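Read top to bottom, the protein sequences are chains C and D.
Residue 12 is where the first sequence starts when you use the numbering used here, and the numbers rise one by one after that.
Residue 12 is where the second sequence starts when you use the numbering used here, and the numbers rise one by one after that.
Keep in mind the hints are simulated off the structure, nothing from the lab.
Remember, it's a predicted structure, so these values are computed and weren't measured experimentally.
Don't take every hint at face value.
Unchecked claim - In the DSS-like style, the derived pairs of lysine-lysine whose C-alpha atoms are separated by at most 27 Å in a straight line are:
1) LYS118(D) to LYS212(C)
2) LYS208(C) to LYS151(D)
3) LYS42(C) to LYS193(C)
4) LYS208(C) to LYS139(D)
5) LYS212(C) to LYS151(C)
6) LYS201(D) to LYS139(C)
7) LYS208(C) to LYS66(D)
8) LYS212(C) to LYS147(D)
9) LYS194(C) to LYS216(D)
10) LYS186(C) to LYS151(D)
11) LYS151(D) to LYS216(C)
12) LYS148(D) to LYS104(C)
13) LYS56(D) to LYS212(C)
Unchecked claim - Here are a few chain C residues that sit away from chain D, every Cβ distance over 12 Å (derived from the structure):
14) MET45
15) SER58
16) ILE172
What the hints assert, rightly or not - Non-contacting residues of chain D with respect to chain C, defined by C-beta distances greater than 10 Å in every case (computed):
17) ILE26
18) LEU28
19) GLN71
20) GLN78
21) LEU107
22) LYS151
23) GLU166
24) LEU170
25) ASN205
26) GLY213
27) ILE214
28) LYS215
C-beta atoms are modelled at their ideal positions from N, C-alpha and C, and glycine is treated no differently.
Number of protein chains: 2
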Amino acid sequence: MVENSNSGNSDKTVIILAAAQKRFAHYGLLKTTMNDIAEDIGMSKASLYYYFADKETIFQDVIRKEQREFVNQIEKFLSDKVSGEELLITYVKKRLSYFQTFLNLSKLSSDSIKGIKPIFSQLFENFKHEEVTLLKKIIKNGIENGEFEKVNVTEISELFISLIQGLRSNLIIRKELENLDKKDYQILEKQFINVAKIFSKGIKK
Amino acid sequence: MVENSNSGNSDKTVIILAAAQKRFAHYGLLKTTMNDIAEDIGMSKASLYYYFADKETIFQDVIRKEQREFVNQIEKFLSDKVSGEELLITYVKKRLSYFQTFLNLSKLSSDSIKGIKPIFSQLFENFKHEEVTLLKKIIKNGIENGEFEKVNVTEISELFISLIQGLRSNLIIRKELENLDKKDYQILEKQFINVAKIFSKGIKK
């Protein structure tokens, strides 16, 4: 049967994902078809279906790749000897970039984001879990080097992720996602950075 | 012509609003009709329409009354000599109560909340403005009595309101509002109080 998501790193898969990512970035998830992707790489539709069950599976893999890159970037900063506050600021900045990338690849409206939720809820949930894990490392680091007080690491990490998520949710509820402009992202970035600063001072020793 | 919203405090208006509030609390906005409200107070439908153009206008007035009560409660605490941190904690607790009251009166689903947005956006926007005004008073108080550092009062007040709103938005996006249970409110309350604590420490002198 059809191979499913995470089908490894065969050259073909890499080529398909790269082509699909370009398509998604131009036309979004809804307007991209399996046909488009197959044509872009001169592959028959049948061959494409051998590798991926549908465009949603391809999209999930593209997004997972972006998520992995985000996580790797933060992990890299974690090994540097920077303060918890700096880490939180880096975190929210990179998180905003990933948010923009996701919106750019999906080009979903606020309504259709609700519509696709069933398909992607696992993807989102896993990523939130990874985010909390990253935050826990940042907070633990900060406690160990005496910068942060001995807070409940899990509770505080989940709260931070929820606050950053909440600022995005406000935007998703208030505005059509396809209409977000530069100013919206600037406001969001300022909010993100302020939260990172106030939050790290708020748990300082 | 039909009198519109804010039509003063005539006895009749008070009676209508009280009856409507009970109806809304039992059946929600969508399932309540002008007929129901008229019948509840033994008034002809024609008379009811003399006072209010439609049930949405009545609902707006009921909500405005609740919003006013919330603002008055906070204003009262402001005149007490309590710390900024205590004020923020009181603020988020009362804000949660109002959120519950609003959901109870509207009984709207997450989808229908988007649907009614055009009607109520002014109501919500004005209330957010009032919230920011209240927060500015709390922060200013704290700066004056030496508890908080000299922050940008407007920016910080707007951020706090956005964070609290964001935690509600997460819930609205994730879950059907009519299915919120006691546990959801408990989690939200804990998040609210933690934000109030961390935030006030985060802007402490």
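To see whether the hints hold, each was checked on the structure:
| no. | hint | result |
| --- | --- | --- |
| 1 | LYS118(D) to LYS212(C) | violated, 39 Å |
| 2 | LYS208(C) to LYS151(D) | holds, 20 Å |
| 3 | LYS42(C) to LYS193(C) | holds, 24 Å |
| 4 | LYS208(C) to LYS139(D) | holds, 24 Å |
| 5 | LYS212(C) to LYS151(C) | holds, 15 Å |
| 6 | LYS201(D) to LYS139(C) | holds, 19 Å |
| 7 | LYS208(C) to LYS66(D) | violated, 45 Å |
| 8 | LYS212(C) to LYS147(D) | holds, 20 Å |
| 9 | LYS194(C) to LYS216(D) | violated, 31 Å |
| 10 | LYS186(C) to LYS151(D) | violated, 31 Å |
| 11 | LYS151(D) to LYS216(C) | holds, 25 Å |
| 12 | LYS148(D) to LYS104(C) | violated, 31 Å |
| 13 | LYS56(D) to LYS212(C) | violated, 59 Å |
| 14 | MET45 | holds, 29 Å |
| 15 | SER58 | holds, 38 Å |
| 16 | ILE172 | violated, 10 Å |
| 17 | ILE26 | holds, 35 Å |
| 18 | LEU28 | holds, 28 Å |
| 19 | GLN71 | holds, 19 Å |
| 20 | GLN78 | holds, 19 Å |
| 21 | LEU107 | holds, 14 Å |
| 22 | LYS151 | holds, 17 Å |
| 23 | GLU166 | violated, 7 Å |
| 24 | LEU170 | violated, 6 Å |
| 25 | ASN205 | violated, 5 Å |
| 26 | GLY213 | violated, 3 Å |
| 27 | ILE214 | violated, 6 Å |
| 28 | LYS215 | violated, 8 Å |
Of the numbered hints given earlier, the model fails hints 1, 7, 9, 10, 12, 13, 16, 23, 24, 25, 26, 27 and 28; all others are met.
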